[in-house]
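Place chains B and C on chain A using the hints.
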Amino acid sequence: MSQQSLTLPAPGAAADKKRRLLELLGAASIAATFIFLVLAQPSDITNGVGSASTLLALGGFLLGAILLILGVLPTLPTSTLVLIPVALVLNIALGQIMGTTGLPFYFDAIGTVLIAVLAGPAAGAATGALSSIIWSFFNPTVLPFAAGAALIGFLAGMAARYGLFRRFYLAPVAGFATGIIAGVVSAPIAAFVFGGTSGAGTGAIVSAFRAMGDTLLAAITKQALISDPMDKAIVFAIAALLVYALPRRATFRFPFVRRFNVLAGKAPVAAS
Amino acid sequence: MTTPVLDARIESFTFHGETAPAVHGIGLAVQAGTLTSVLGGAGSGKSTLGRLLAGWLRSDGQLRGRLSLSGDGIPNGAQRLDFAGTEDDPRISPAAWSRQVGYVPQDAAAMLSRIRSTVAEELAFGLENRGMDRDNMHRRVADVAAQTGLSPLLDRDPGSLSGGELRRLAIACCVILDPVVLMLDDPLSSLDAEGAELILDLITGLVSKGTAVVHLGQVAGRLFSQATHCLVLDGGSVTAQGMPAEVLLSGGLAESGVVVSSEELHHGHYGPEAAAPEPAYGSPAGANRVSPGARTEASSLSFRNVTYSLPIAQGGQRAVLTEVDLDVGPGQIVAITGPNGAGKSTLLRHVNGLLHPDRGEVLVGGAPIRGKSTGAIAADVGLLFQHPRDQLFERTLLREVGFGLDRLFGAEAEVRAIQALEDVGLANVASAHPHDLPASGQRLLALATVLARQPAVIALDEPTVGLDRHGIARLQTALDTVTLRGAAVLVVTHDLAYARTVSQRVLRLRGGRLHEL
Amino acid sequence: MLSRLNPLTTLAACGAAATFTVAASNWPVSVAVAVAALGAGVGAGVLRRVLAASAVILLPLWFSLLVLHGLFFPEGRTVLAGWGPARITVEGLAFALEMGTRTTGCVLVLLLFSFVVNVPDLVATMTTRRIPPQFGYVLASTLTLAPAITEQLARIRQAQEARGLVLGGSLVQRLAAARLQMVPLVLALIQDAAERAHALDARGFNSPGPHSTYREVADTRGQRTFRRAVLGLAAAAVILRLSASWFGVPVLPSPLAGNE
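In order, the protein sequences belong to chains A, B and C. For the first sequence, the working numbering gives the first residue as 1, with consecutive numbering after it. For the second sequence, the working numbering gives the first residue as 1, with consecutive numbering after it. For the third sequence, the working numbering gives the first residue as 1, with consecutive numbering after it.
So that you can see chain A by itself, here it is in the shape it has in the complex (with noise of 0.2 Å):
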C-alpha cells in the first residue's frame, strides 16, 4: 500500500496559473461577444432571422461560460462545492415557480447570489454558469443565458467582497446595479437567440416598445432594463435576509466570509 503523506503542501501558485487563464479566457470569450453583437450587427435580427448573430451569440457567450466553469469549478473547496447544488435546486424551483405568475421578474439567481456572498466571485459566477447548464437539463432555453448567470454571480461576489452585504439597506442598491448590467448583457440572447422573451409580463413590456417603433434589441434592452434591476434588487435582498439568518458557525466556516469581514456587525473580529 502506497505511503501518501498525511499533510498537504502549503498553498501554492504554480498550478493556479492555467485555472487563471482559462477564467480570464472565459472572461474575455463572454465580453468579445457582447461587444461584437452590440457594435456591429445591431439591426440584423429582424431583416431575416439572422442565424449568423444567434450562432455567435450562442458560442461565444456558451464558450466563455464553459471557460470559466473550467477554470473555477477544481478549485473550489469541497465546502464550497456541496452547497452549489443547493443553490441551483433554489434557483430553480424560485425561477419556475415566478415564471408562472405572470410578473416581470424572474427571481432565478437567489441561490448563485447566496453562494456569491459566501464563497466569493469565483464560486458565484461558477454557479450562475452551471445553475444554467443544468437547469436546461429541464429547460434548454435556459441554456443560452448561462454567461449572465455568471456575470451576476461574480457581481453579487465583488458587493460581498467590498462590504455591501455588511448593511442591509445596501443589499438591494448593489443589487440594482447589478441588474442592469446583467439586463444589457442577457438582452441580446433574448433578441438574437429567441427574438423575445417567454414570460407573459415581460412579453407585454417588450411589445410596447416595439410599438413606439424600437428595433427589436433596443426594445428587449429597455425591458431588461426595467425589469432586471428591480429584480435583482429583491433577489439580492431575500439573500441578504436569508444569510443574516444563518448561525455564525455556518457563515464562519467559509474563508471568505472571515477574510473580508463580509457580514460586519454579526459577529466579533475572528482571529485568523
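In case anyone wonders, no lab produced these hints; they're calculated from the structure. Some hints could be false.
[Unchecked claim] Distance condition first, Cα-Cα at most 25 Å in a straight line; then the derived SDA-like pairs of lysine to any residue:
#, chain 1, residue 1, chain 2, residue 2
1, B, Lys372, C, Ala177
2, B, Lys372, C, Ala154
3, A, Lys17, C, Asn206
[To be verified] Label pairs and their in silico Cβ distance ranges:
#, chain 1, residue 1, chain 2, residue 2, range
4, A, Asn261, B, Gly316, 55 to 63 Å
5, C, Glu91, A, Ala32, 30 to 38 Å
6, A, Leu24, C, Val90, 45 to 53 Å
7, C, Ala146, A, Asn261, 28 to 36 Å
8, A, Asn261, C, Pro85, 52 to 60 Å
9, B, Gly316, C, Ala81, 56 to 64 Å
10, B, Arg370, A, Ala208, 48 to 56 Å
Bear in mind that the values here come from a model prediction, so they are computed numbers and not experimental data. All C-beta atoms in this analysis are idealised placements derived from N, C-alpha and C, irrespective of residue type, glycine included.
Only chains B and C this time, still in chain A's reference frame:
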C-alpha cells in the same frame, strides 16, 4: 503495552467566531484491536472531539495540540503533527488521513455521496477517487459488503434503505478504506433491537480484526461495558476516565448528562423493545377497544373510530389505523409505543388535522376538528415533531418562543416567552441562535415554543430521541407543570421504558389497532 | 433502444441536431428536426414526458412571439389588419414562425436527450474523459436533491402549521409565511451540505490524479465513428453559415437534408 495507533492531545479547539473553546484539555490514546468509549451528554464536545481527530474540522476553527499516528501505513512508521493555532500549522490531507482515522457521523445519511445509484457504487466511491482499477474495486466491494452484511443490498438504491441498513452502509463506506482507527458517533441511536444487534456484531468483528474502534455516545450501554477504556466528557473536557467499572462509580459520570441504563448494562440487551416483556393480548374483538373506564366525560382529546389507510401501488390500500378509539383527559398523560413503522407518527398527525381520517372523528375539547385548518387547531393543540429543526426559524431563542405570542397574550407575551424558556432550562442562552444549539437543545426549544402557547392538548413525537439525562429530566419537569395546569398530553415513543416512566397508561399500536399494556 | 447507447453518442447526436437547426435557421428544417425528435421519443418511450416538459416551455414562448411579432412589427410592410399601433403583418408572422420553430426544434431535441440519457452512465463517462469530477457531482447531486428538497419543504410546512402558522390569506401574509419556510430550509440545506463536504473529502473526492469508475459504460467503434461524423456535420453547417453571412457566399436555398 504497544505504541498507540492514535495518540492525541487537544489543548483546545475553538470554532471561528467564538471565544470559548468547544473542547479543551483532552488526551486520548487508542490501541489497535480495542474498543474505547467516549461518553458525554448533549453539547459535551464528544462529536467535536470525534470530528477533530478525524480531520473533519480543518477549516472550522483553531486547534492547539498534537495528533500522532503510528503504524505500517504511516510515512516513516510514525508521524506527529503539532498545531499552535496559527497559519503555519500543518494542513491535514483529508483523503490520506481518512485511511488512518475514519469517522461516521450520527446522521449516517451525511456520509453518503448521494450521487451514486446503487449501494455497490456508493461503497466504491472512496475507491474510485483513489483511481483503483475496476477488478480490484469489484473484489473489495464484495469483501466489505460480506463483512458488513450488505451483500443482499448491493443493487439497491441507497435512498431506499432503512435506518439500520443506512448506518451499516455508512460504516462500510469508512471500513472500505481500511482505517486503523474507526470512530462511530452514536451508532445505535434510534435503531430498533434488531438493527442495533447487527451493528454490535459488526463492531465486535472489526475489533477482533485489529481495528481500534472509538464509540462516541450519550448512553452508557452495552458498547460502554465492552470497552477497554472509557472517557467521560462534560463541558468540553474530561471529567472521568478509566475502565468501565471505575467510570461507572465516578462522580464525573454521575454529574454528566450521560444516561446510564442499568438494564442494558446487566442484561447485555440493547434496545428498549428487546428488554420489554411481550404483551399479553386480549381477545381480538375487545383488543382495540380501550377500556371505557378510562374515558371521562370531558376528554380534552378523543379519537372516535378513526380509520386511515395509505394508497399503495396498483391502486391498493394499506390500513395504517383501524377503528382507533382513544381518550385523553385533562391532566392525563397517555403514551403510545410500537415498533418502527407501526403508524405512531401517522396517528399523531391526526391530532391537529395534518391528516384526516377516512372514517371516524377526532375531537379536541369535545368539538370535532374536521374542517378546521391546522394553523387554527394549533391554538388548542401543540404538536412537537421528530425533527425540531424544521420548526425553528427565528434568529434568537427568545424571538423563537415569542413568535406569535403577542396575538395571544398581548403585552404579557415576553414574560410568557421567558417563562417557557425557563421551564425547559434554556433561559440562560435566550439570545443564542437556535441552530447553534445541540440537537437536544433544539428539541427542548421546540418544546418551549409549544408550551408558551399553553394549549389544552400537547402531542409529542419521540420526545426523548437525542436528549441526554438533563434533557429528559427537564422534559419531565415541563410535562409535570403542564399536566398540573390541566393540559392533556399524548406521547408517542419507541422507548417502552420511557413510556412506562412518563405515564400510568401505556398503549401499544400494532396492526393498526391500540392495545392496552 | 436510445437509452442503451453510450451517453456521449446521444449527447453528440442531440447537440449536433440543435446546432444544425440554429445554423440552418429555416423553418422546414426546424420542423423536420422537431418531428424527428418526437419520432425518436416514441421509439424510446419517453414521448409523453418530452411533450409535457416542452409544453411548459414552448406554449408561453409561442404565445409571446405571436403577440409580440404578430401585432407589433414596425419593420413589416405587408399589413393584413391594423388597429392603431397594432398591425398584423406578414413579415411579423413569418418572423414569429421562423423563431418559434427554431426554438421548438432545439428544445425538443435537447429534452429528448435529458429524458433518454442515463445520468449515472453520463457521470461515469465524464469521469473517464477527465472532465473534473466536480461537474459530475453537481449534475448528479442536483438531480437527486430536487425531490429531497420538495419533501423537506412539505415537512417544514407541516411543522410550522402545527406551531400555529396560518398559511394562505393575503399576498403579504403568504410572502411572510414563505420567508418563514425558507429560513429553516436554507439553514438545513447549508448545514447538511457542510457535513457532506467533510464526508466527501474524507472519501478522497478532492484528491488529485485520475479517478476510476466502478460502473462500466459500453462504447463501440461504430458509435465513435458516428459521433465524429455528426459533430463534423454540425461544424460544417456552422462554418457554412458564418462564411455565407460574412463573405456573401450564397447559402443553399432549399432546406438541407435531415440530420439523421
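Could you check the structure against the hints above and give me the numbers of any it violates, in ascending order? Those not satisfied: there are none.
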